[in-house]
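Protein chains in written order, with this note's numbering: chain A, 20 to 523; chain B, 1047 to 1524.
There could be a bad hint or two in this list.
Over the 12 Å line for every Cβ pair with chain B, so calculated as not near, a few chain A residues [to be verified]:
no., residue
1, Q73
2, T78
3, I127
4, Q133
5, I170
6, P221
7, P418
8, K435
9, N437
10, A452
11, Q476
12, A490
Derived DSBU-like pairs: lysine-lysine, alpha-carbon spacing no greater than 30 Å straight-line [to be verified]:
no., chain 1, residue 1, chain 2, residue 2
13, A, K186, B, K1413
14, A, K128, A, K480
15, B, K1413, A, K128
16, A, K128, A, K186
17, A, K460, A, K399
18, A, K460, A, K320
Everything labelled a hint here was simulated from the structure, so no lab data went into it.
All C-beta atoms, glycine included, are put in the ideal place defined by N, C-alpha and C.
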Amino acid sequence: MLTSYPILSTLIWLPILGGLLVLFAGRNNESVAKWLSLIVAGLTFILSIPLITQFNYSTAQMQFVEQMAWIPMFNVQYFLGVDGLSMPLVLLTTFTQVLVIASAWDVIKERVEQYMGAFLIMGGIMVGVFTALDSILFYIFWEALLIPMFIVIGKWGGPRRVYATMKFFLYTFFGSVFMLVSFLYMYWQIGSFSILDFQNMPLSMNAQILIFIAFLLAFAVKIPMFPVHTWLPDAHVEAPTAGSVVLAAIMLKMGGYGFVRFSLPVTPDASMELDWLVIALSLIAIVYIGVVALVQSDMKKLVAYSSISHMGFVTLGMFLVYDIMQNHGTLAGAAMGMEGAMVQMVSHGFISGAMFLAIGVLYDRMHTREITAYGGVVNKMPWFVMFAVLFAMANSGLPGTSGFVGEFMVIIASFKANIWYGVLAALTLIIGAAYTLWMVKRVFFGAVTNEKVEQLQDLNKREFAIMATLAIAVIALGVFPGPLMEVMHTSVENLLVQATTSKL
Amino acid sequence: MNFVIPSFAPAIPEIVLLVLASLILVADTFWSKRYPNATYYAIQATLIIVAYLILSSFSTERIFTFNDSFVRDTFADVLKLFTLAVSFGVFLFAREYLLQHKFVSGEFFVLGLFGVLGMFVMISASNFITLYLGLEIMSLAMYAMIALRKDDAQAVEAGMKYFVLGALATGMLLYGFSMLYGATGTITFSTMQSVIASGQADGIVLAFGVVFVVIGLAFKMGAVPFHMWMPDVYHGAPTAVTLYLGTAPKIAGFAIIYRLLYEAMPGLVADWQQLVIMLSILSMVIGAVVAIAQDNLKRMLAYSGIGHIGFLLLGVLAATEDGFSAAMFYVIVYAITGVAGFGIIVALSRKGMEFDRVADFKGLNQKNPWLALMMLIIMFSMAGIPPFIGFWAKILVIEEVVAAGFTWIAVIAVITAVVSAFYYLRVVKAMYFDQSEIAGPVEIVSPQLHWALSFVAILLLALGIMPSSLINLAYLSI
Chain A
20 MLTSYPILST LIWLPILGGL LVLFAGRNNE SVAKWLSLIV AGLTFILSIP
70 LITQFNYSTA QMQFVEQMAW IPMFNVQYFL GVDGLSMPLV LLTTFTQVLV
120 IASAWDVIKE RVEQYMGAFL IMGGIMVGVF TALDSILFYI FWEALLIPMF
170 IVIGKWGGPR RVYATMKFFL YTFFGSVFML VSFLYMYWQI GSFSILDFQN
220 MPLSMNAQIL IFIAFLLAFA VKIPMFPVHT WLPDAHVEAP TAGSVVLAAI
270 MLKMGGYGFV RFSLPVTPDA SMELDWLVIA LSLIAIVYIG VVALVQSDMK
320 KLVAYSSISH MGFVTLGMFL VYDIMQNHGT LAGAAMGMEG AMVQMVSHGF
370 ISGAMFLAIG VLYDRMHTRE ITAYGGVVNK MPWFVMFAVL FAMANSGLPG
420 TSGFVGEFMV IIASFKANIW YGVLAALTLI IGAAYTLWMV KRVFFGAVTN
470 EKVEQLQDLN KREFAIMATL AIAVIALGVF PGPLMEVMHT SVENLLVQAT
520 TSKL
Chain B
1047 MNFVIPSFAP AIPEIVLLVL ASLILVADTF WSKRYPNATY YAIQATLIIV
1097 AYLILSSFST ERIFTFNDSF VRDTFADVLK LFTLAVSFGV FLFAREYLLQ
1147 HKFVSGEFFV LGLFGVLGMF VMISASNFIT LYLGLEIMSL AMYAMIALRK
1197 DDAQAVEAGM KYFVLGALAT GMLLYGFSML YGATGTITFS TMQSVIASGQ
1247 ADGIVLAFGV VFVVIGLAFK MGAVPFHMWM PDVYHGAPTA VTLYLGTAPK
1297 IAGFAIIYRL LYEAMPGLVA DWQQLVIMLS ILSMVIGAVV AIAQDNLKRM
1347 LAYSGIGHIG FLLLGVLAAT EDGFSAAMFY VIVYAITGVA GFGIIVALSR
1397 KGMEFDRVAD FKGLNQKNPW LALMMLIIMF SMAGIPPFIG FWAKILVIEE
1447 VVAAGFTWIA VIAVITAVVS AFYYLRVVKA MYFDQSEIAG PVEIVSPQLH
1497 WALSFVAILL LALGIMPSSL INLAYLSI
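Pulled out of the complex, with its shape left as it was, chain B reads as follows (with noise of 0.2 Å):
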């Protein structure tokens, strides 16, 4: 048997980022205590680095390299700019809480960035086994996140919680794949679609083994009934890490349910797409409507994501190539805006005051019309309402449900839209109407992250006003 050097080519975004990520890592523990800030800003370069290489070798053909268990393809490429977009955002807001809390911030950047990493991995993973490792990477630098304060415990217990039930997703995950192998007699996806179309593996292993894939990706993505470890770890995480947990990973998880779902196995869409229906009107419905009882912000966007994932997977539920799109679009815009709502609770957190309750936005309007009028934007944003960036990727995975013949579906996704509007009305209400209950000024203390607050809330109006070339993205990219 011939050895062949594979071709590196196609992983030289995944190479340097590991590279630098270590080199970081060994780093940081010797200048960290002279120069506080150099970790943050060698994370941030970074990732700049990252897009660069991406962006000049933009592939727009798929490359398989690795013995095919790897790839490289437009949505690959677009997918991990978003990522890589997105992290920046989520850098540079955390980097601001961190230093008002005091906590140790060398690892959580280092951290951040292996995440990043094993976000890359799952994106371009064409294999069981890549995929599995991207995962892993992922969770493991997500569990050290969460727990990173070692003496707060409702953080530790929050991590300990996502530990548990992620090794849990994964064991399904796992056993899922197994199945899948067994049946198919490879865990390459191409290989395995050919094996299942040409109709010689078992059916009903194979549908045991759909089964156990998509409880797997349902907890990762925290979709009903599979949700419950959102709330707290989404609470119980310091905001920083929940702006991180709830925006990048959910890039990355999209991207293995369509490698996962349509590129291995559009041949079982009858035994995947009943499953993904239950789980996307569940995840709607009780995002929508358990929200409405919440009275801590945090928790209330954990709810409210799980009401997000319910949409994206309308679009994934369509089973088609443009319902993968219209998804695509909604993670992406479901990820900025979640920066951006996750971002204002960080950038206006200090020590001693989380602000992330709804009753902390009580009279924001008096104290401060800009960030009001900014969380306003978020909040309707999300709701779905026009003319913000929320709304086209609300109505894009709809009609794609739609144009799949579900319209009863799609009056049910409208119908807990109403329901969530109501939450985020909530909070609107909190801002305008309400008298403030916070003695002295409410401000973001950084000029720096009042701009890139801004930044991202008038993006969200901007697309929402002219959202033709990310729509174009998204569609051109499947």
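If we strip away everything but chain A, and leave its shape as in the complex, we get (with noise of 0.2 Å):
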């Protein structure tokens, strides 16, 4: 390794310690609160960056592996490591954090440190999730992210925050105590906790079928999928903006990631048995949750469910595997189904992110988001309106931006394995460009109506900063989706192997 340090430690720690810093020193004074969570947040993004420097293309093995034992007494190990699926998620995780920490540099006042501290410590306890490659220590960090999203949600948030955060919690606590169950059972059929040991370890039909459904309900709740997607969407209005970013931009891919790191290679058989169950709720996802999210009024709202639809397509892309091997006898076209899901994953990371920080720049101006109370936004605040049409023309799948990328591969892909699919997955181009231009239209276009929208002011030059980095990369990955997807290809076709390997 070329690394001198533990990198990965580093990214999880780094911020985890920055945050109880943060706590205890920004106590009293909010600019050192402020100044010290930016600097450690910048500081964990430029020293993720070797991540893509040193990353070796050419081997679907672990990279920047740090083992050692941690409990021998049940083998728990210590154990860290990335591919080429959770190496771009990592490093979304360090730029989201250092957005989400300057988007909230003047908009909170109050206990602006524990504030600063919760978001940093959250960003530490994702990146472990998406490196943990034993499964206790994924399943720790799985559930200790939702102590500090909890708190921020119920106490900066919104007028229901209290009834959003229970729910959140429990939802998400709900899911995953099976998924536990699963890994205990697995331990005690190999004696081993390790990811990788449990993708290589053979497992009968009905076990797979009962792991299957617990990771699932694990995963599923996360992602969130029809029909337990219902926490999502108070979630999202309740909490405050930088909530809302990090929930859809980063949590939400902790289920993607789920399913590609535990619920195909784990249990392929059980995958293949029962695909048709995750594609006909990412499909119902796609068309029925587009749907509902048109006659949203709360633009939260609006963007909350167009995530779940979005999200669907991440699901369809991935199971669609079993369906096109069936068709075709051959994965080639199964690679492409699985890395537009993986590239809608990250595309999504920064739309969504996006999208929240701008109804975010226009919720501190006017405290409200009812689309209704807008409209000629574009009058006053000519500048935000560009970013924010370009992030909307994305979210529907513009060519040229990031979103356009995923979805077209994902929508390719389903044609192959079914045309129905294909139709359906393609209603969204329609049902999305619907309800995320009416939007637009309504919010930003026609003639002020609203006295308070006459006064209101453009962008600052710091959402201005946080705006323009968002836009230069969901263009860039709409222009130049070829790196992102040489990182994943090796590790894409690896895992598309264990998917359709069977371990009875």
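Put the complex together from the two separate chains, hints included.
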């Protein structure tokens, strides 16, 4: 390994310890809390860059591995590593963390140090989720994340925040405990908690089905899939802007990551057996939730539903593998669906984050998210609207933006699997454009009807910088998706082999 | 018949404890007027001396003495050390409460010390008589402690309830003992084990005895459906006493479960396993569901304690050595967490303000963020959320249940864990999201207690991150 320091541990513990430091050092001094947080977040991002520069594209093996015994009695290890599937998500996390800290700069007035500290701690924990290769370590990060998020939504959220945060916590906790039982069952079978060992162990069909369902509960709640998605609109609407950004940009990805790290490789036969279930739920999410988004009157809720619909693409792309293989006998098209799903995750991280930040910008000025309260914003905030419309276009999948790449790949793959999947999935291009553009029309364009809109100020430098960064990311990924796919390629191929090799 | 003088050496800690406790009892009547703190310091010193005696003769093999009625082994030594540590913490917290509430403190500490002696005898029991003796020493001390405030009707009622139900439980236990004695002709655990294994004892009488013994144990531990006394007693007793009741005695209770079920009656697994499964599932479910409706924190913690006993019994029902190790780990963690959980109520309560309602914790984060953080750690640890030690306690017992082939029980257990998370979250919600209803600052008056509480809470986090040594200890001592 070229790095001289344990890079993954640094990315996990630097923000966590930095967050604790912020909690104590910034107690009575807001600017100390803010600057310290920004320095920690920025440093974490800079330190995460070697992950790209030193990444080995030609192997599906885990890289930057750190492994040591943690609880020898139960063979629990402190075992970290990344491959092409998780590396982009780690970078997405460290990148988003900087934006999140910056976005809260002038907005949060109450207990700034707790707010900033909570987000830094969350950042470290999320990197932990994406890099843990020991299932218990994974589970610990996965659950520990709930604590700061619970506090953030409940403390700085909107009027129904307590209801929303309780629902968020209990839903996710309920989903994940079954995953824990599955881990324990597999440990009992093979005496190891390593995820890599889980991927290689033989499992009977019955066990696989039960484990698959347990995983599905955990990941479907998190990603979220219809019909266990109902916590998401509540949590999003009530969460403060940065909370929504972290939820949408990263936490939802944990569910998708779970499918590729656990469900497909650990229970391939059950995945094949039950892929119809996931595909059906995904298609329902894409179409039905898209229609639900159309009628929302709250902007955040609209974007929240649109997130669920977009996550439908992720799960669809992942589980098309089996149909494609049956139809064509090869994995050629399947890689397209899987890579599309992965690209969609990263792209959605940027776009949804950007959308929530844009809504946050409006909310900070007007203190309402009702679409009807706006109209003609473009007259007062031209710069802002330029960015917002770009993100909205990306959200509806305009070619040239990152939103297009993933959706397009998944749609092509679904035509290969089954023409009807393709038709239904492609409907989203219409529905997505409909709800997004209709919102754009009502909020940004038209005549100014509200006096308050008349007094709006355009973006300040800080907001401009955040928006511009995201805009560059969205366009860059839309125009040059190649490097990202290259990172994933070997790992995706390997995953497809694992997902189609029977373990019976 | 020759009279052989038994070896006293293995029982030195108990003997020293008894002698010192008796001396302090007498001395307290003389010095309590002039030196009100003397009893407290003498008690704590006694605990330290006894801990030193155990550590200096730490036993790695099993030594029987007093005609096989008393056993000293690693299991006993480890549990005794934890009993001492937990009791040390309990007395530390209790003292402040007694000072604040101005009630006579000497008896409290002396009775507490006798209770510890009872726990020691229980932990080291290797026949029915010793076990019964230990149980009664402990229980009598506790009955008196609950009713120590003669003018408090609620406390007296709680003491009465505990006494009557405790006596009933003891009766059950003794009845079961007599059955087992009748069937096997022995009261010593090791002999009983071989008699049962030889198959010469009458199966029906044995089964009958086992049922009564398990019921008696369930009463003492507060497992559903024999739990009704727990919420009333925990609620009615002065908080300092609740703190005492809810922590160290559970360790001793676990010890006798282990001695009876695993050392004396492993041959009757088929009989007691079914019972323990029922007790465990019912306790987890009732503990989780009923706690939701409680507004009083002591009552809530009582129901949460019932749920914890259900989890503890998961390790027992696995009926394996590792299962009991996991349960031992669980009970140690539970006792430590209990010290912190009841300790914070004790530490915050003052004259005219018990601070035992969930509503009292509202807005704590505004008034005292450090305390709120400590309480958050305690609550999440009890709920079994990582990275706190309570998570490891739960995961280990669930793992042992899965390993014993009862995956369906593990599923029920995790569902109840989710349900119980709700009421722990309610406390966190009150602290972080609600506005305070209390005028003036909320803080722990004594800096000593402030640090003690912070120490225990941070210990929950530190052990959660580095649980290995404690796990090894539990697994190597059985």
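Hint by hint, here is what the structure shows:
no., hint, result
1, Q73, "holds, 29 Å"
2, T78, "holds, 31 Å"
3, I127, "holds, 15 Å"
4, Q133, "violated, 7 Å"
5, I170, "violated, 6 Å"
6, P221, "holds, 18 Å"
7, P418, "holds, 44 Å"
8, K435, "holds, 38 Å"
9, N437, "holds, 35 Å"
10, A452, "holds, 39 Å"
11, Q476, "holds, 32 Å"
12, A490, "holds, 36 Å"
13, K186(A) x K1413(B), "holds, 27 Å"
14, K128(A) x K480(A), "holds, 19 Å"
15, K1413(B) x K128(A), "holds, 17 Å"
16, K128(A) x K186(A), "holds, 26 Å"
17, K460(A) x K399(A), "holds, 15 Å"
18, K460(A) x K320(A), "holds, 17 Å"
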